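S.K.: What follows is each chain in one-letter form.
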Amino acid sequence: MVRVEAPSLRHALANTSASRFFWDRTASACYTDLRHGTSLGGRLAELSGRSVVLATESQLTTALALMELDGWARRIVILPPDVDTADLGAVLAAAEIDAAVFDGKTQQSPALNLPVRVACVPNVVPANVSPPVNCHTEWLLMTSGTTGVPKLVLHDVAGLTAAVRARSVADGAAVWGTFYDIRRYGGLQMYLRAVLGGASLVLSSAGEPVADHLDRLAQHGVTHLSGTPSHWRRALMNPAIRKIAPRYVRLSGEIADQAILDRLRATFPQAAIGHAYASTEAGVAFDVNDGLAGFPASYIGPIRDGVEMKVFSDGSLRIRSPRAARRYIGTGQALADADGFVDTGDIIEQRGDRYYFAGRKGGIINIGGLKVHPEEIEAVINQHPQVGMSRVWSKQNPITGAIAVADVVLKSDPDGACAQQTMIKDDILKLCRETLPRHKVPASISFVPALGIGAAGKLARRER
Amino acid sequence: MSVKLTILNQIERVAREHGKILAPLKEDLVLADCGLDSLGFAVLVARLEDTLGIDPFTAAEDAYFPVTLGEFVKVYEHGAR
Numbered sequence: 001m002v003r004v005e006a007p008s009l010r011h012a013l014a015n016t017s018a019s020r021f022f023w024d025r026t027a028s029a030c031y032t033d034l035r036h037g038t039s040l041g042g043r044l045a046e047l048s049g050r051s052v053v054l055a056t057e058s059q060l061t062t063a064l065a066l067m068e069l070d071g072w073a074r075r076i077v078i079l080p081p082d083v084d085t086a087d088l089g090a091v092l093a094a095a096e097i098d099a100a101v102f103d104g105k106t107q108q109s110p111a112l113n114l115p116v117r118v119a120c121v122p123n124v125v126p127a128n129v130s131p132p133v134n135c136h137t138e139w140l141l142m143t144s145g146t147t148g149v150p151k152l153v154l155h156d157v158a159g160l161t162a163a164v165r166a167r168s169v170a171d172g173a174a175v176w177g178t179f180y181d182i183r184r185y186g187g188l189q190m191y192l193r194a195v196l197g198g199a200s201l202v203l204s205s206a207g208e209p210v211a212d213h214l215d216r217l218a219q220h221g222v223t224h225l226s227g228t229p230s231h232w233r234r235a236l237m238n239p240a241i242r243k244i245a246p247r248y249v250r251l252s253g254e255i256a257d258q259a260i261l262d263r264l265r266a267t268f269p270q271a272a273i274g275h276a277y278a279s280t281e282a283g284v285a286f287d288v289n290d291g292l293a294g295f296p297a298s299y300i301g302p303i304r305d306g307v308e309m310k311v312f313s314d315g316s317l318r319i320r321s322p323r324a325a326r327r328y329i330g331t332g333q334a335l336a337d338a339d340g341f342v343d344t345g346d347i348i349e350q351r352g353d354r355y356y357f358a359g360r361k362g363g364i365i366n367i368g369g370l371k372v373h374p375e376e377i378e379a380v381i382n383q384h385p386q387v388g389m390s391r392v393w394s395k396q397n398p399i400t401g402a403i404a405v406a407d408v409v410l411k412s413d414p415d416g417a418c419a420q421q422t423m424i425k426d427d428i429l430k431l432c433r434e435t436l437p438r439h440k441v442p443a444s445i446s447f448v449p450a451l452g453i454g455a456a457g458k459l460a461r462r463e464r
Numbered sequence: 001m002s003v004k005l006t007i008l009n010q011i012e013r014v015a016r017e018h019g020k021i022l023a024p025l026k027e028d029l030v031l032a033d034c035g036l037d038s039l040g041f042a043v044l045v046a047r048l049e050d051t052l053g054i055d056p057f058t059a060a061e062d063a064y065f066p067v068t069l070g071e072f073v074k075v076y077e078h079g080a081r
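As given, the protein sequences belong to chains A and B, one line each in that order.
Counting in the working numbering, the final residue of the first sequence is number 464, and the numbers go up one at a time with none missing.
Counting in the working numbering, the final residue of the second sequence is number 81, and the numbers go up one at a time with none missing.
Derived by calculation from the structure, the hints in this document are not laboratory data.
Treat the hints with caution; some may be incorrect.
Unchecked claim - Sample of chain A residues lacking proximity to chain B, with all beta carbon distances greater than 10 Å (derived):
| hint | residue |
| --- | --- |
| 1 | C30 |
| 2 | K105 |
| 3 | A158 |
| 4 | S205 |
| 5 | F286 |
| 6 | I300 |
| 7 | E308 |
| 8 | S313 |
| 9 | T331 |
| 10 | I424 |
| 11 | A450 |
| 12 | A455 |
What the hints assert, rightly or not - Derived lysine-lysine pairs resembling DSBU-like cross-links, with alpha carbons at most 30 Å apart:
| hint | chain 1 | residue 1 | chain 2 | residue 2 |
| --- | --- | --- | --- | --- |
| 13 | B | K20 | A | K430 |
| 14 | A | K458 | A | K151 |
| 15 | A | K458 | A | K411 |
| 16 | B | K74 | A | K395 |
| 17 | A | K425 | B | K20 |
| 18 | A | K105 | A | K151 |
| 19 | A | K425 | B | K4 |
| 20 | B | K4 | A | K395 |
| 21 | A | K430 | A | K395 |
| 22 | B | K26 | A | K430 |
| 23 | A | K371 | A | K458 |
Unchecked claim - Label pairs and their computed distance ranges (CB to CB):
| hint | chain 1 | residue 1 | chain 2 | residue 2 | range |
| --- | --- | --- | --- | --- | --- |
| 24 | A | E208 | B | I21 | 54 to 64 Å |
| 25 | B | A59 | A | A240 | 39 to 49 Å |
| 26 | B | G53 | A | T435 | 22 to 32 Å |
| 27 | B | D37 | A | D353 | 34 to 44 Å |
| 28 | A | D426 | B | E77 | 22 to 32 Å |
The structure presented is a predicted model; accordingly, all values stated were derived computationally and were not measured.
C-beta atoms are modelled at their ideal positions from N, C-alpha and C, and glycine is treated no differently.
All chains, full assembly: derive it from the sequences and hints.
M.R.: Take a look at the structure:
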């Protein structure tokens, strides 16, 4: 597989003479000042050729440090915000880490007592900047770990930015925003899009109320906004959504069903709306921009932008791509099969001239031998005009072993009126019965005030 | 509403939703002949857990499942106490 060499991120600064910013909840930094400045106290040279763990607590310092480190460090391990410090020592040893970049809020851990420790501040201080040594920095990300122990995945900048380079034209007037955390693959893609496009970026903040986040996005005039379908469903339930008017709306990380695409279209009639398929291991595989769920069947087979996709015998999508990660670190497990295809674990089904995502390989509910993906039922429930979001899960059953039941968040509280709730429940069940085979109709529906969204922006599926 | 009445109502409701025709719901009606299939019973047990707060079968140590409607109601009446 041919890999294109990519210049370091700092080179992107040469594309614009304007001032561009990273904004988080409490601070902002003019990142284009890094042309003649530093957020690492001018100690970049000490990190030259080293394997660095980026243990910053804030996304603002992460964003600045990444820009400085790329091209200087041999490796950067980007720690996600919810990393389990118990596993940290083993993870860092496997990645041969010998330096740490931290910020004022980093939780101290013995694993971070490394030979070189450099503090990152959330602003840029004037400094003489030497030209980067341009070593081809390896970027290590952690998988979201929705199943099992998280793994370190090794990327290079060429692979990470291939999808950005294939599509986007530098658009300095753009203001990017994302509901993701930039320390995970989905968010990192948005970070790279903003930086390589010479645009500013509004960062998310853990624990920030949705309304406050939307207010900030509005205040900075966000033009390009991305998140998972769950992020979007939650945002659309908030009245503050009316304050923003992005011209590009992007979804990825979960199945974008027709209901969420239609609701976004109705809310942002002027915006281009696209959903993308990507994973930490396989990289960005494709974008769909026709406003329809699923993707054209013609995507399977031929090589498009270097990306090749096939359906494996178990129905799962497999991807061979120059945008894929190169390997796992610290595990003998192979990232791809013998032919270089990454198993995404996502099951796809063809209907007519389109493929649709059915759900995860491991997420199937077995109802007396009949199988169903929870996502398939959620897509139907989400079509109901009063439903904000839903989650279907498997409930143990003495007759069929398991049965599907649903938790539903309504767009607005039906005044707690019992009769009205029963009516809506019956209406949702009727919709399911009209659309789905009998075994896929949820046995019961519970209204819940909210559904958990995990650190990677995906609907929490592990426990009720 | 009594446990028995709740069960009878739910059986009728599930049958209606699944397009099944029920036999007259008498005490000695053999469940296998009542008109609901296994998926119907699975849904019934899940619904009864919602309304009565118990699933006496999944909670039970043994794999006993009642034969007649009367026994089925008794299991719930026993569990609800």
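S.K.: Find the nearest Cβ of chain B to the Cβ of E308(A) and say whether that gap is larger than 10 Å.
M.R.: Holds, because the least Cβ-Cβ distance between E308(A) and chain B comes to about 41 Å, which exceeds 10 Å.
S.K.: Over 10 Å to the closest beta carbon of chain B is the bar; see if I300(A) clears it.
M.R.: holds (34 Å)
S.K.: Within a Cα-Cα threshold of 30 Å, do K20(B) and K430(A) meet the stated pairing?
M.R.: Distance of about 16 Å is within 30 Å: holds.
S.K.: Closest CB-CB distance from K105(A) to chain B, is it above 10 Å?
M.R.: holds (44 Å)
S.K.: Does the structure keep K26(B) and K430(A) at a Cα separation of 30 Å or less?
M.R.: holds (29 Å)
S.K.: In this structure, is the beta-carbon distance linking G53(B) and T435(A) contained in 22 to 32 Å?
M.R.: Roughly 30 Å apart at Cβ, these two residues keep to the hinted range, so it holds.
S.K.: Compare the distance between the alpha carbons of K458(A) and K411(A) with 30 Å, and conclude whether the hinted pair is satisfied.
M.R.: Within the cut-off at roughly 19 Å; holds.
S.K.: Take a look at whether the Cβ-Cβ distance between D426(A) and E77(B) falls inside 22 to 32 Å.
M.R.: At 27 Å between Cβs, range holds.
S.K.: Report holds if the minimum CB distance from A158(A) to chain B is greater than 10 Å, and violated otherwise.
M.R.: holds (52 Å)
S.K.: Hinted pair, alpha-carbon criterion (30 Å max): K425(A), K20(B). Please report holds or violated.
M.R.: holds (21 Å)
S.K.: Between the beta carbons of E208(A) and I21(B), is the distance compatible with 54 to 64 Å?
M.R.: holds (55 Å)
S.K.: Would you check the hint for K4(B) and K395(A), treating anything up to 30 Å between C-alpha atoms as holding?
M.R.: Given pair K4(B), K395(A) holds - Cα atoms ~24 Å apart, limit 30 Å.
The structure fails none of the hints (numbered hints given earlier).
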